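Protein chains in written order, with this note's numbering: chain F, -6 to 126; chain E, -6 to 126; chain Z, -6 to 126; chain Y, -6 to 126.
If you're looking for bench data, these hints aren't it; they were derived computationally from the structure. Each hint can be trusted.
One copy or two, either will do: identical chains are not told apart, so a pair holds if it fits within one copy or between any two.
List time: in silico PhoX-like cross-link candidates among lysine-lysine, alpha-carbon distance up to 25 Å: (1) K29 to K5; (2) K93 to K119; (3) K74 to K93; (4) K5 to K74; (5) K74 to K119; (6) K(-4) to K119.
Predicted, not measured: the structure shown is a model, and the values here were computed from it.
Number of protein chains: 4
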Amino acid sequence: MSKARDFSLRDKFATYNSMEVVEVAQGFARARLDVKPQHHNGLGTVHGGVLFTLADLAFAAASNFGEDTVVGINASMSFFKAASQGVLLAEAREVTRSAKLVAYEAKVTNDSGDIIAVFQGTGYIKSNSRVQK
Amino acid sequence: MSKARDFSLRDKFATYNSMEVVEVAQGFARARLDVKPQHHNGLGTVHGGVLFTLADLAFAAASNFGEDTVVGINASMSFFKAASQGVLLAEAREVTRSAKLVAYEAKVTNDSGDIIAVFQGTGYIKSNSRVQK
Amino acid sequence: MSKARDFSLRDKFATYNSMEVVEVAQGFARARLDVKPQHHNGLGTVHGGVLFTLADLAFAAASNFGEDTVVGINASMSFFKAASQGVLLAEAREVTRSAKLVAYEAKVTNDSGDIIAVFQGTGYIKSNSRVQK
Amino acid sequence: MSKARDFSLRDKFATYNSMEVVEVAQGFARARLDVKPQHHNGLGTVHGGVLFTLADLAFAAASNFGEDTVVGINASMSFFKAASQGVLLAEAREVTRSAKLVAYEAKVTNDSGDIIAVFQGTGYIKSNSRVQK
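Chain F on its own, in the form it takes in the complex:
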């Protein structure tokens, strides 16, 4: 089983909401969602919580790719364009990593390549050995 698929399956909330990690590497991951009616808010567009979760899923997959366990401590998201259908992709990239902290940026795009939302996440590195995990 691929690392991306493995990560997706462990994440119950992402799975329950039809989100999956489609690519993952050290410091990078891409997550994907095929928008369905249950992803909408009361205005008929994709819920901010969906966009956040998709970006956070990519952030978690990328930042936990290696031996470290990284937990999110803060995230900021800006919403630029409403989406209502089609495929959404979130791509997370590592901006920097220190002994204790990592910073990631993730962009959520629609199938025309328009940027729907931008996410900035900060994670705390809890452990960096196999034994502790």
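For this one, chain F is given, so just place chains E, Z and Y on it according to the hints.
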């Protein structure tokens, strides 16, 4: 039907994930979630996307309570304590409102009253008349 | 010398820019600035960096009041209203504190009590003993 | 006079604190600071307000480069590494731009190229014609 229940039902993503608005008034709302396994991330704790969605639901309910249509443009969330079961509540309160923008703060607490996460949302007021809506 | 004055004097950047802590207690601090032309941006209003620094000063004073050394790891600020003269106050209040992290909210107001900006800061507790400091 | 120098001079707060825009183009700007004792906080490292101001200066220069007047409505900053001396650079790049909003990311680096802080700014486009300005 109460305004809170009405708002909850229109929000498909919240409904699909068992979240509901239990109280709403001008500038205030409370949303509730009874944690189930599908709300967990890969580490077995409540997913950041769940906490974000619950806070965002309370923010949306409170900021759209009156005649205005408010759309979120930015949100920042800090995660303090892991939760894995029980009831989670998100309470959103208006911090300030200008002609175009609103600021909200929402706190997510567990059933012991511990703060699990803190959310700060900024919304853009798109219209303020019935006609435009 | 008062704790508030003591804290202000140690902070060279705040002092250089005429900001001072006027009240400090466990989990709370108030910082003050009398706006002068050097606090303006290119549009003739108070610079976002001034509002951020004033809020951050109050956050730092409050979160470092006790024995702990707290360093800011993330801050988010929303700007609501332009200010150009008069007195600005920033009041920081602790939202929550865990073993490693603190969350603060600070509001910057003008002398009419209008909210100019809202700040949310997350800090990391580096040490909690006299010896380490 | 260059556009970069022109922008720097109009910004009184940046000038008063020895910061300058050294390069500016559509969607990009670089600001520079030679750290001096007055830029320090109470711990003897560069103040978070200095890092924020430097990033915000680059954001403002880049986002106001064309005919639009852009005002910051929200900014989030994560602090990764302490700096205490030398030259700091902030480079701001446009992430996306819609009819009303712009998103920028800015990185602050020291003279070894280490990332000191990461800034994410959201701006509101107030006008887009010469006449309105």
